[in-house]
Every structure is written in structure tokens, then in C-alpha cells.
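Asker: Read off the chains here:
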Amino acid sequence: MRADLRTYGLLARAGFRRQATYRLALAAGIVTNSVFGVIRASILMGAVAGAGATVAGYDERAMSSYAWWGQVLLGSVAVWGWSELADRVRTGDIAADFLRPVPPYLSYLAADLGRGALALLVRGAPMIVIGSLYSGMTFPAGPVEWVLGLVSIALAVAIAFLGHYLVNCIAFWIIEIRGILLAYGIVATLFAGLYVPVHWFPDWLRALAAATPFPSLIQTPIDILSGYAAGPGAARLVAIQVGWVLGLGIGAALTTAAGRRRLEVQGG
Amino acid sequence: MANREGSWAAYRTILRSRVRAQAGYRVSFATDLFATLFAGLAELTEVYVIFHNTPRLGGLDFTAALLVFALANLTFAAADLLVGHCDRLPTYIREGKLDVFYLRPLSLLGQLMTSEVSLRRLGRISVAVVVLAIALIRGGVQPTAATIGMLALAITFGTAIMAALFVAVAGLQFWLLDGREFANVFTYGGAYAAQQSSLVFPDPVRIFFTFVVPAAFTAYLPTLVILGLPGGDAASPSMAWWLPVAAAWVWGVALLAWGRGVRHYQGAGG
Numbered sequence: 001m002r003a004d005l006r007t008y009g010l011l012a013r014a015g016f017r018r019q020a021t022y023r024l025a026l027a028a029g030i031v032t033n034s035v036f037g038v039i040r041a042s043i044l045m046g047a048v049a050g051a052g053a054t055v056a057g058y059d060e061r062a063m064s065s066y067a068w069w070g071q072v073l074l075g076s077v078a079v080w081g082w083s084e085l086a087d088r089v090r091t092g093d094i095a096a097d098f099l100r101p102v103p104p105y106l107s108y109l110a111a112d113l114g115r116g117a118l119a120l121l122v123r124g125a126p127m128i129v130i131g132s133l134y135s136g137m138t139f140p141a142g143p144v145e146w147v148l149g150l151v152s153i154a155l156a157v158a159i160a161f162l163g164h165y166l167v168n169c170i171a172f173w174i175i176e177i178r179g180i181l182l183a184y185g186i187v188a189t190l191f192a193g194l195y196v197p198v199h200w201f202p203d204w205l206r207a208l209a210a211a212t213p214f215p216s217l218i219q220t221p222i223d224i225l226s227g228y229a230a231g232p233g234a235a236r237l238v239a240i241q242v243g244w245v246l247g248l249g250i251g252a253a254l255t256t257a258a259g260r261r262r263l264e265v266q267g268g
Numbered sequence: 269m270a271n272r273e274g275s276w277a278a279y280r281t282i283l284r285s286r287v288r289a290q291a292g293y294r295v296s297f298a299t300d301l302f303a304t305l306f307a308g309l310a311e312l313t314e315v316y317v318i319f320h321n322t323p324r325l326g327g328l329d330f331t332a333a334l335l336v337f338a339l340a341n342l343t344f345a346a347a348d349l350l351v352g353h354c355d356r357l358p359t360y361i362r363e364g365k366l367d368v369f370y371l372r373p374l375s376l377l378g379q380l381m382t383s384e385v386s387l388r389r390l391g392r393i394s395v396a397v398v399v400l401a402i403a404l405i406r407g408g409v410q411p412t413a414a415t416i417g418m419l420a421l422a423i424t425f426g427t428a429i430m431a432a433l434f435v436a437v438a439g440l441q442f443w444l445l446d447g448r449e450f451a452n453v454f455t456y457g458g459a460y461a462a463q464q465s466s467l468v469f470p471d472p473v474r475i476f477f478t479f480v481v482p483a484a485f486t487a488y489l490p491t492l493v494i495l496g497l498p499g500g501d502a503a504s505p506s507m508a509w510w511l512p513v514a515a516a517w518v519w520g521v522a523l524l525a526w527g528r529g530v531r532h533y534q535g536a537g538g
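So the sequence lines, in the order shown, correspond to chains A and B. One point on numbering: in our numbering, the residue at position 54 of the first sequence is 54, and numbering is uninterrupted. So the number in our numbering is just where the residue sits in the second sequence, counting from 1, plus 268.
The following block holds chain A by itself, in its conformation from the complex (with noise of 0.2 angstroms):
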């Protein structure tokens, strides 16, 4: 057991240390964030000031804090695209994976919590003085809260790898799943509330988009962070999004062996 989290502990380095390499591509990403927040912010701050006073319980500043706490997440919660495993699959590389001591939906959990962890760092964090100091953002509560927020960020990131996870594995039984993957790529970004917020929806959408595990990635994350949702309300948040990790996360190993057996049909 200790051997095995010391082999996760060491996968989520490698990813960390993977995405530190490309300093330019980080700064890059840094300019580009900032711009696409300030538009953002615009958008929800005039969509605001356009309604009146407040819509849905937010008001400019709030709406502001939204959009900047968006663009922190953006780069550690991939709601779009990751097609490593269908490639994999189609390569026959992952016949090496499943020789190693670790499933697969680990170990790539595991480096993509750490590239996450590294993205918050260098890519979010910029995010939330640039935000600060352009156009105002809302904190946590209190202590309990930044340490839920947190939490929700880490779980946020394991329920977007562990979706895309789930969708790569088509591929064990169609060749082409790039079409599967765009579709799910653009209802997780419409439906994590990435560019209008989920409480923004008329009621048959909101319905639609919490029966789906994609409010959980952003909007989720958002509220706790920026202080909207606070106490037992972020508390049953992030109880959600545990709920998910835990779905999801038995989908992709029963999903996996029976990909898996599917390979050795084939003779993979």
C-alpha cells in the first residue's frame, strides 16, 4: 500500500514536471487567459448591469469574481479535450499499460493531478492577482472554505479526467471516437457553466445540466471559491462531487476490464 501511493506520489511529479518545462508556452497562456478574462468579465458584468440590479443572486462584482475564478480553474480543469487513451488504443501502445503494476485510470489520474496542481499554480494563480487588481474578485469565507474550495478544485480535476477516461474507452470498441469526444467536449463546456453560469439557465436546461457531472467541474469550484456558496452549502457541493469521483471512477475500472478483455479478443 505504501510502495503503491509512493508510485502515484511519483506519477503526479512526472506530469507536474512534464507541463514546468515549456516556460513559454506557460507565459503564453498566462497573456492569453488574461485577455479572454477580461472579455468575460465584461460580458457577465454588462449582462448584469443590463438586467438591473443583480441576476440570479449575483451582482457586478460578483459576475466579475466569476469570470476571473473561471479562468483560474481553465487551466487545471480540462473540461475540453484528452484523447491520450482512444490514441493509445489505436497505436496498440496500450498493451504496455496494461503490463505495468498500476491500472491505467490511475496512473494518468495521477499525472493529471499533478499537471493540474502545477496549472493552478503557474497558470491560476496569476489569474487571481490579474483578476484582483482589474476588476475585483470575491474569497472564501473563512478558513473551512478555502479548504473545501480547494478540495472541490482537486476533485473537479479528477471528475473531468476520469469523464474524458470514460469516453477514451469507446475506443476499445470503435476505432473513431473523435467525433464522440468534440460532442462531449462542447456539452461539458456548455454545461460546466465555463461561459454563462449554470444558475443563468431557464429551468429545463439547469435540470438538464445537473443530472450530468459537468456543473461539478467549474460551477461547483466557482461558488466555493468566490464565497457564493458557503457552510453545510459547500459542504453538500462537494459531497456531490465525491459522489461523481466515486461513480466514475468504478465506471472506468469495470469499463477498463472490459476493454481490455475486448483487446485480448482481438488479439491486441
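Don't read these hints as lab results, they were simulated from the structure. Careful, some of the hints might be misleading.
Claimed, not checked - Here are the computed distance ranges between Cβ atoms for each label pair:
id, chain 1, residue 1, chain 2, residue 2, range
1, B, Phe302, A, Tyr22, 26 to 36 angstroms
2, A, Gly57, B, Leu445, 43 to 53 angstroms
3, B, Ala291, A, Leu5, 47 to 57 angstroms
4, B, Phe479, A, Tyr22, 24 to 34 angstroms
5, A, Leu10, B, Thr281, 51 to 61 angstroms
6, B, Tyr279, A, Trp204, 44 to 54 angstroms
In this text the structure is predicted, and so the values were computed from the model without any measurement. Note that CB positions come from ideal geometry on N, CA and C, so glycine has one too.
Position chain B against the provided structure of chain A, taking the given hints into account.
Answerer: This is chain B only, laid out in the frame that chain A set:
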């Protein structure tokens, strides 16, 4: 370079081969087409959600916002179809593909622009065209010389502006390489800003997206003319008639950036 007619024939042959290459993989092409259509619909949903909560955004009502959305999407998707692959230049450089272009007796930029036609963007274009029609009908737009003329100007020169952004960014890529994401500020950032009323932005941002990256010229300013809206500070309807000048400006910068980039390039060492 061979004579002018000869190079045109060569480009036509290249483009035909690119179109045929996509037609060959029908399922894959249909998938991509569907994906861009779906992405267009998702973005439209976001506009709908915003106006579900507020009657106005940046001085525009829902109909005006739909027209801005349609023009911005149409011009960007058309430019993306024609030259969007230019922002894959770093990949071309890494794979040594660009060095191959140097060996052929055609212009480098011409080859890069014709190296691909992303017909899948037709999905997004079709969403934009339908939204455009809906916005024009909802807005009760009369087909006068001014409205038709402005619509034609917006679509042609708007597409030219967006295309120039891709070319300018391709020029920058010779320096950026790993920093390629920076280029998104001008292309995708410009397209995103173009979808909004200029009045939502604070002055420096508005000036940037009007006079430096002339995104406002592709959709917002033409919309003011077509729907007869007043606009606001540094965004008056009469400015829209300067669209060709804005396109000339950004193409001038684009060709300059490309020319300097090409001279800067030392080869991939392949």
C-alpha cells in the same frame, strides 16, 4: 516563380486535391461537420441564456445580439475555412513540412494558405447563416441599398479581416513556437470580442478591438447600420463604412508580419 497563370493553375490543383482528400473519408468528414455545427449551436445557447436573464447587453437587444453573433460567426468561420490552418504553422515547422514549401516554385504564403481547406467549418457557417436570416426578419430589416450594401461589405471585408488575423499570427509563429497560445489573443480572442457589443468593454479594450485588432468592424458596427441603432462612444454607425480601410490595415500588418517571419526563419535543420 513560373508565370502568374501557371501558379494559379497549381493552386487550383492543390485546392482540388485538398477538397477531394476530405470527401474521401465521408464518415470522418460528416463527424467534423456535425461537431462544428454543434459548437455553433452551443455558443448560440449561451447568447440565449444571457438574454433569458437580461433584456439588453451593451445597448443591444436579443435581435441585435443575434445579428452580431451571426456576422461574427459567419466571417470567422469563413476565414477559418480558408486560412484557419495557418495557426498550425509551428507543427508544420516541427515536421519539416514548411521546408518542403520552400523547395517549390510557388509563394510560401500561397502554399500555406492552400495547404488545406477546412470544409468542416461549413457546419458553423450554416448555423450563422440561419441565425443571420432570423435576426434580419426579427429586426424587420428593409432591403435598401444601405442595408444590402452593408451586409455585403460586412461579410466580404469581415472575412478578410478575420483571415488577415490568421496570417498575421502565422507570421508571429516564427518567433513564438512554444508560445503559440499567445496567438489566440488575436485570432480566437478577436473572434470572441467580435461576437459582443463593443459597449460592454472598457475603453482600452474597446479601442484595442476596434482600431488594433478591428474585430468590431466585422459584426458590431455593421449591425448598427443594418438595424439603425445609435451605438455609443467611439462606436458610431458611420464608422462601419470604413470596413475596407480596416481590412486593408490588418492585411498590411499581416503581410508585414509574415514577411519578417519568413526572413527570420532559419529552417528546421532537417
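Asker: Next step is simple, just say for each hint if it's right about the structure.
Answerer: Comparing the hints with the structure gives:
| no. | hint | result |
| --- | --- | --- |
| 1 | Phe302(B) - Tyr22(A): 26 to 36 angstroms | holds, 33 angstroms |
| 2 | Gly57(A) - Leu445(B): 43 to 53 angstroms | holds, 45 angstroms |
| 3 | Ala291(B) - Leu5(A): 47 to 57 angstroms | holds, 53 angstroms |
| 4 | Phe479(B) - Tyr22(A): 24 to 34 angstroms | holds, 33 angstroms |
| 5 | Leu10(A) - Thr281(B): 51 to 61 angstroms | holds, 53 angstroms |
| 6 | Tyr279(B) - Trp204(A): 44 to 54 angstroms | holds, 50 angstroms |
When the structure is compared with the earlier hints, no violation turns up for any of them.
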